[in-house]
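Counting in our numbering, the sequence shown runs from 249 upward without gaps.
Watch out, some of these pointers could steer you wrong.
[Unchecked claim] Only pairs whose alpha carbons sit at most 20 Å apart, straight line, appear in this in silico EDC-like list of lysine to aspartate or glutamate: (1) K582 - D481; (2) K718 - E669; (3) K633 - D726; (4) K432 - D579.
Derived by calculation from the structure, the hints in this document are not laboratory data.
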Amino acid sequence: MSRPVVTRFAPSPTGMLHIGGVRTALFCWLYARKHGGRFILRVEDTDLSRSTDENIRIIEEGMAWVGLDWDEGPIPGTTDEFKGPHGPYRQMLRMDLYRAKIQELVDRDLAYRCRCSREVLDERRKSVEAQGVPFQYNRGYDAGKGCRDAHHDASQPYAVRLKMPEGTESWLEEGAITWTDLIKGHLAFPADTLDDWIIARTAEGNEIGVPTYNFCVVVDDTSMEVSHVIRGDDHVSNTPKQIALYRAMGCELPEFAHVPMILGKDGAKLSKRHGALSITEYREMGFLPAAVRLALARLSWTPKVAGQAPETAEEELLTDAQMIQLFDLHDIQKSPARFDMDKLSWMNQKLVQRASWQELDPYLTPFMPAAWKTQSEPWKQVAIKATQKGKSLKDMAEALAFVWERPQSFEPKSVEKFMTETAKAALRDVAALTDYAHDRLEPAFNGILEKHGLKLKDLAQALRVALCGKPVSPPIFDTLFLIGREEVLKRLERWV
Numbered sequence: 249m250s251r252p253v254v255t256r257f258a259p260s261p262t263g264m265l266h267i268g269g270v271r272t273a274l275f276c277w278l279y280a281r282k283h284g285g286r287f288i289l290r291v292e293d294t295d296l297s298r299s300t301d302e303n304i305r306i307i308e309e310g311m312a313w314v315g316l317d318w319d320e321g322p323i324p325g326t327t328d329e330f331k332g333p334h335g336p337y338r339q340m341l342r343m344d345l346y347r348a349k350i351q352e353l354v355d356r357d358l359a360y361r362c363r364c365s366r367e368v369l370d371e372r373r374k375s376v377e378a379q380g381v382p383f384q385y386n387r388g389y390d391a392g393k394g395c396r397d398a399h400h401d402a403s404q405p406y407a408v409r410l411k412m413p414e415g416t417e418s419w420l421e422e423g424a425i426t427w428t429d430l431i432k433g434h435l436a437f438p439a440d441t442l443d444d445w446i447i448a449r450t451a452e453g454n455e456i457g458v459p460t461y462n463f464c465v466v467v468d469d470t471s472m473e474v475s476h477v478i479r480g481d482d483h484v485s486n487t488p489k490q491i492a493l494y495r496a497m498g499c500e501l502p503e504f505a506h507v508p509m510i511l512g513k514d515g516a517k518l519s520k521r522h523g524a525l526s527i528t529e530y531r532e533m534g535f536l537p538a539a540v541r542l543a544l545a546r547l548s549w550t551p552k553v554a555g556q557a558p559e560t561a562e563e564e565l566l567t568d569a570q571m572i573q574l575f576d577l578h579d580i581q582k583s584p585a586r587f588d589m590d591k592l593s594w595m596n597q598k599l600v601q602r603a604s605w606q607e608l609d610p611y612l613t614p615f616m617p618a619a620w621k622t623q624s625e626p627w628k629q630v631a632i633k634a635t636q637k638g639k640s641l642k643d644m645a646e647a648l649a650f651v652w653e654r655p656q657s658f659e660p661k662s663v664e665k666f667m668t669e670t671a672k673a674a675l676r677d678v679a680a681l682t683d684y685a686h687d688r689l690e691p692a693f694n695g696i697l698e699k700h701g702l703k704l705k706d707l708a709q710a711l712r713v714a715l716c717g718k719p720v721s722p723p724i725f726d727t728l729f730l731i732g733r734e735e736v737l738k739r740l741e742r743w744v
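Make a model of the complete structure from these sequences and hints.
Okay, structure coming up:
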């Protein structure tokens, strides 16, 4: 490659961090990691009415939880501390740089002050559109009427507009702004269809107003040496404007890759009913970060192993190392992807089952009561392995609730079915046991079963009802071990 790979994820802190944004961030992260490059987290907070420090914190928290570590960007928990040589990584702290760049463009006659009022622009727009022609500032039917050719009182408020190419510039391709998108292929926008767009909003006197998104993003990408701009395809229409600005500033263009949007399982626009939630809500639902990463990576991306796509469901369960090794922007499809919560749940269950108890412990801990932290490692190992069939960490925690909570009621039908006089007599013998180690419980239970003429399932179900209030729990020997002898005796008092 001609220059080091640098990618960036630049969310606007105007709300929650949703899965569409996380998928884009993941692709940026994978590409940077594959090529030994840098991944930047940058906060685009110029929307002053909706951007908040709390939303920035949520973005940082969500990115950290899902495992997308950044090489440059904000230091979590701070508002003005950053890591990396190109900070600050918040746009509102970079205003001096933006305004200096805008003044430079004005001085070089590549941008100009526009003093057209909103009322004048609206009137001209209506006039042009009444003729069945799209309104373009300083173009077409409006030629000669814009601020490029007019003189105004310098005291009037003004915005700043970029002079867009008019169709004869040497760098255009047959009069069009073109680029080869790494996902969408060759794209072209005729230059004569593009407005002179505003790069700084209207301000009073000689002040330069607040720079606009499309301007700031180019300045940031150039100053931060971004080599690959990977973003949602809703930004395709912004790209020709930004390319014109790159040219005006004399900067090398990055590679562009516009990833397709995400739809719901039914093909409709993604909504909450499809799972379009804040990324932190997936944490609260008990998903592993690795499962979320894998599920999002597979939205529009088909990895190729020796030129072949995965043929079985199990082959889809890639590790981070495998995803990094296999990731290729050219393997991303152009059409929208469909997000399937059932597929995410399946992946999560598989990864939960594959993980060691040590790997699951830190993720399970937030779902457990404080007493969980005081348990021994052998105890936790039994608890986790006994509940690893659950689809989520939340399921596992719920399956262990019996450990911490004595039953407040007992299922009447289960009591009638399993609490026979014979079973109660056997429970008295169980209460007399003192060693709950697996290798001791099994022979002891065999003796009790033989003495009372019971099968293991009958005694086990009676025990579950007595200890948990219903005939559902992990394997019975695990259940006894996890509750502990002292507590088992207290719960059996009611029945024996």
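Discussion item. Name the hints, by number, that the structure is in violation of.
Written reply: none
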